[in-house]
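Once you've looked at the hints, dock chain R against the given chain W.
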Amino acid sequence: DVKVTQSSRYLVKRTGEKVFLECVQDMDHENMFWYRQDPGLGLRLIYFSYDVKMKEKGDIPEGYSVSREKKERFSLILESASTNQTSMYLCASRASGRSYEQYFGPGTRLTVT
Amino acid sequence: AQSVAQPEDQVNVAEGNPLTVKCTYSVSGNPYLFWYVQYPNRGLQFLLKYITGDNLVKGSYGFEAEFNKSQTSFHLKKPSALVSDSALYFCAVRETGGATNKLIFGTGTLLAVQP
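Chains as they are written, first to last, in my numbering: chain W, 21 to 133; chain R, 25 to 139.
Read the hints as simulated data drawn from the structure, not as lab findings. Since this is a predicted model, take the numbers as computed values, not measurements. Hints should not be assumed to be uniformly reliable.
Taking lysine-lysine pairs in the DSS-like style, the calculated list, with each CA pair at most 25 Å apart, reads [unchecked claim]:
(1) Lys73(R) <-> Lys46(R)
(2) Lys73(W) <-> Lys90(W)
(3) Lys23(W) <-> Lys73(R)
(4) Lys38(W) <-> Lys73(W)
(5) Lys23(W) <-> Lys82(R)
(6) Lys91(W) <-> Lys38(W)
Under 8 Å between C-beta atoms, here's a sample of chain W residues computed to sit facing chain R [stated by the list, open to error]:
(7) Phe40
(8) Met47
(9) Leu61
(10) Gly62
(11) Leu65
(12) Gly83
(13) Tyr84
(14) Leu110
(15) Tyr120
(16) Glu121
(17) Gln122
(18) Phe124
(19) Gly125
(20) Pro126
(21) Gly127
Just so it is clear, CB atoms sit at the ideal spot from N, CA and C, and this is done for glycine as well.
Chain W extracted, bound-state conformation (with noise of 0.2 Å):
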């Protein structure tokens, strides 16, 4: 089974801080995405990556940041914290070729205070 690992379930952090959150798959899975999910709105993707070092942006970039050193992580980082980034943060991953479904994490809850 592809496990999708996500290394805080929840976090508080001050408005201003840098925020790291990262995500670790173990199958070997070239895609990887950060997304964002808040009531009413679904999931919104945030970056993707689909090889190492390689980033692209989603649908919701601004105020984020992504790192991919290694193929089986992919960091999420927030410059300067903010209020309005306290949200549910989902990690996941797809090999290429035509499996199209993507494997989740369980989630990092950030609060920003």
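Coordinates of chain R only, in the frame set by chain W:
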């Protein structure tokens, strides 16, 4: 613009009754469609997908979904609901026309099964 719509924020059904969670989509070309389920404070779990072939797709936990091209719909169904099916359900479609094969998600439907 390519999109997915889940017209119901919440669906209520009694245990043992059939359930339907609705999804409609708008993409160019042939759609690749997915259903995911999210239990409280958990990530999304893949339920089933339609890529090609039979319009009725069977998935995990007794769920199935019916692809209807003329109505651009992909409704999730189960013949007999369980209380444990109560969760948030997301429909998704693969974005076409680009090189990234991103998934576009609906806003989710909360399924509440009453005992």
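Original post:
Quick check: which numbered hints come out false for this structure?
Top reply: Hints 7, 8, 12 and 13 are the ones this structure does not satisfy, whereas the remaining hints hold.
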